[in-house]
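*Asks:* What follows is the residue order along each chain.
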Amino acid sequence: ETGVTQSPTHLIKTRGQQVTLRCSSQSGHNTVSWYQQALGQGPQFIFQYYREEENGRGNFPPRFSGLQFPNYSSELNVNALELDDSALYLCASTGPEYNSPLHFGNGTRLTVT
Amino acid sequence: DAKTTQPNSMESNEEEPVHLPCNHSTISGTDYIHWYRQLPSQGPEYVIHGLTSNVNNRMASLAIAEDRKSSTLILHRATLRDAAVYYCIRIRESNFGNEKLTFGTGTRLTIIP
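Read top to bottom, the protein sequences are chains H and L.
Following the working numbering, the numbering of the first sequence begins with 1 at its first residue and continues without gaps.
Following the working numbering, the numbering of the second sequence begins with 1 at its first residue and continues without gaps.
Note that these hints are calculated values from the structure, not bench results.
Certain hints may be false.
Just the calculated beta-carbon pair ranges, DEER-fashion [said to hold, decoys possible]:
id : chain 1 : residue 1 : chain 2 : residue 2 : range
1  : H       : A80       : L       : H76       : 41 to 51 Å
2  : L       : M10       : H       : Q41       : 16 to 26 Å
3  : L       : R81       : H       : Q41       : 33 to 43 Å
4  : H       : N79       : L       : N56       : 42 to 52 Å
5  : L       : K69       : H       : N71       : 38 to 48 Å
6  : L       : D67       : H       : Q17       : 45 to 55 Å
Glycine included, every Cβ here is placed at the ideal spot set by N, Cα and C.
So here's chain H without its partners, still in its complex pose:
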């Protein structure tokens, strides 16, 4: 297992800009979910992708969007960045077995100034 990797590890953006965060899942993991974690809080579910289609979404506006690719990589895109978008963004992949655990990456720390 190569684990889940995320890039970049840190990023600084200006309010109003757009950002793309990337995640590489473990081979064979066809479900990926993305989370936003503010300081001192638990991860908040943004959305989930299964076989390249979104199949679950949390309480986040449409300017948060994603893509999942056949090679087990995925992206989180955020448009029109706001100061409150500053957080740790985590992706997690899940294997095809029945009720598999989530495997998280170490996240991307996004700072919006």
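Given chain H, work out where chain L should sit, using these hints.
*Replies:* Showing chain L alone in chain H's frame:
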């Protein structure tokens, strides 16, 4: 709605057992209980999960109440490396549905040398 409730913090002495409680009074019959822990500057790490029966693995044990409305994560002999924030979450039988995975604020476990 976090759907699970945990104490904000707990302390334990090194080399002693630790019992971390979680309440999930609105759990449905197909919800699994998963536990994850998060070390500083890392993504959450899978610890253990179960449905109805008690479960053991190399990291911990999970004791699930008979009515399934609560569970307890047991670390049999705490070490300093077990200091982390511990999250319990409910995950539906199928990961492929429109499921919003909800983390609460977790329990911050401090280990006293």
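*Asks:* Taking the beta carbons of R81/L and Q41/H, is their distance inside 33 to 43 Å?
*Replies:* 23 Å, violated
*Asks:* Given a hint of 38 to 48 Å, does the C-beta separation of K69/L and N71/H actually sit inside it?
*Replies:* 42 Å, holds
*Asks:* Does 41 to 51 Å hold as the CB distance between A80/H and H76/L, or does it fail?
*Replies:* 49 Å, holds
*Asks:* Could you tell me whether the CB distance from M10/L to Q41/H stays inside 16 to 26 Å?
*Replies:* 18 Å, holds
*Asks:* Starting from the hint 45 to 55 Å, judge whether the C-beta atoms of D67/L and Q17/H obey it.
*Replies:* 50 Å, holds
*Asks:* Has the hinted range 42 to 52 Å been met by the Cβ atoms of N79/H and N56/L?
*Replies:* 46 Å, holds
The structure shown violates just one earlier hint, number 3.
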